[in-house]
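Student: Below are the chains, spelled out letter by letter.
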Amino acid sequence: MDTGWKIGGQTLKSRLFVGSARYPSPDLMAQAIRASMAEVVTVSLRRESAANKAGQRFWQLIRDIGINVLPNTAGCKSVEEAVTTAEMAREVFETNWIKLEVIGDDYTLQPDVFKLVEASAILNDKGFIVFPYTTEDLVVARELIATGCNILMPWGAPIGSGQGLNNISALKTLRARFPDINLLVDAGLGAPSHAAQAMELGFDGVLLNTAISEAGDPVSMARAFAHAVEAGYLAANAGIMPERDFAQPSTPEIGTPFWKTEINS
Amino acid sequence: MTITLNGEPQFLSDRRSLDQLLEKWGYNKGIAVAVNGAFVPRSSYSEKVVNDGDAIEILAPMQGG
Chain A
1 MDTGWKIGGQ
11 TLKSRLFVGS
21 ARYPSPDLMA
31 QAIRASMAEV
41 VTVSLRRESA
51 ANKAGQRFWQ
61 LIRDIGINVL
71 PNTAGCKSVE
81 EAVTTAEMAR
91 EVFETNWIKL
101 EVIGDDYTLQ
111 PDVFKLVEAS
121 AILNDKGFIV
131 FPYTTEDLVV
141 ARELIATGCN
151 ILMPWGAPIG
161 SGQGLNNISA
171 LKTLRARFPD
181 INLLVDAGLG
191 APSHAAQAME
201 LGFDGVLLNT
211 AISEAGDPVS
221 MARAFAHAVE
231 AGYLAANAGI
241 MPERDFAQPS
251 TPEIGTPFWK
261 TEINS
Chain B
1 MTITLNGEPQ
11 FLSDRRSLDQ
21 LLEKWGYNKG
31 IAVAVNGAFV
41 PRSSYSEKVV
51 NDGDAIEILA
61 PMQGG
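From first to last, the protein sequence lines stand for chains A and B. The working numbering applies: residue 1 is where the first sequence begins, and numbers increase by one. The working numbering applies: residue 1 is where the second sequence begins, and numbers increase by one.
Derived from the structure by calculation, the hints contain no laboratory data. Positions of the beta carbon are idealized from the N, C-alpha and C atoms, including for glycine. Some clues are possibly wrong.
Unchecked claim - Stretch by stretch, here's where chain A covers chain B in the computed footprint (C-beta under 8 angstroms, at least three residues):
hint : stretch
1    : 42-54
2    : 59-65
Claimed, not checked - Calculated from the model, a selection of chain A residues having no Cβ within reach of chain B, i.e. all distances over 10 angstroms:
hint : residue
3    : Y23
4    : V92
5    : L201
Taking the hints into account, I'd like the entire structure generated from these sequences.
Tutor: Rendered as structure tokens:
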């Protein structure tokens, strides 16, 4: 059993971070978040008219769940937008955590890693705890760490694609090269097995949204992901057996019945 | 004078501080404000005067991934 781990100044038990978007209803969102046992949920900011208090209702719902919030800068395409959004989120959500997203391509929602590094430097200087949504690129990871990040969130696959881990080799490299950095796979996971796989690689956690919110039964899927993350974490720490090219009987051969030496004529 | 509020043009008869405008528009809590792309902390609302042509963004919590 995982006794707890530290990230961004908090001690958590769960290694699953979940999103709050794209649920069929607010009620199902709340039920699924609770079922996931997650202790961190991602949230966002959008324009709000004075007449429509949807934002306040949503925020109250999240507060009622009693969970850490990780605000994002989703939709930002420039350093300035991302920094301003982060400052606004810090005031509204009363946290210095920020999931930093600077999108560079509309079709893949691939992070603009150059602007990401620039924004990360500014936000670290302003006292934020930056959770950068990045690619699996090793040198970008190193640059982000140089700006003050001790958390990295490389993508598994494009946001909402459900493809799983598209570049396992690079993710393994990140783990091997940055053993002391909190690494979470963020985005692209579809099935619980993808989450288990990320954890088996030695990642500290996973962040996902659509895989739960767009499941046929989000509450059951939330539970499934909770088990998968726990299973993958336990497996990584238990030590996974090495692969072999050939079979090796699992049943001991000593005393095999009806065994006799074959005599070649 | 004309300003934009969340991308929509708004006509104002005179220059006012941000806290007067927020009250006039009916905003109270749980929002954050940027003027011309720069964050304005809550503590500065009363001293921040809104000028002709300013673009005001008022954001509130919403679902996110």
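Student: Now tell me if each hint is right for this structure.
Tutor: Outcome of the hint check:
1. 42-54: violated (count 1)
2. 59-65: Holds, because 7 residues of the stretch 59-65 of chain B bring their Cβ atoms closer than 8 angstroms to Cβ atoms of chain A.
3. Y23: Contrary to the label, Y23/A does not stay out of reach of chain B, its closest Cβ about 8 angstroms off (not over 10 angstroms).
4. V92: violated (5 angstroms)
5. L201: holds (22 angstroms)
Comparing the model with each numbered hint stated earlier shows that hints 1, 3 and 4 do not hold.
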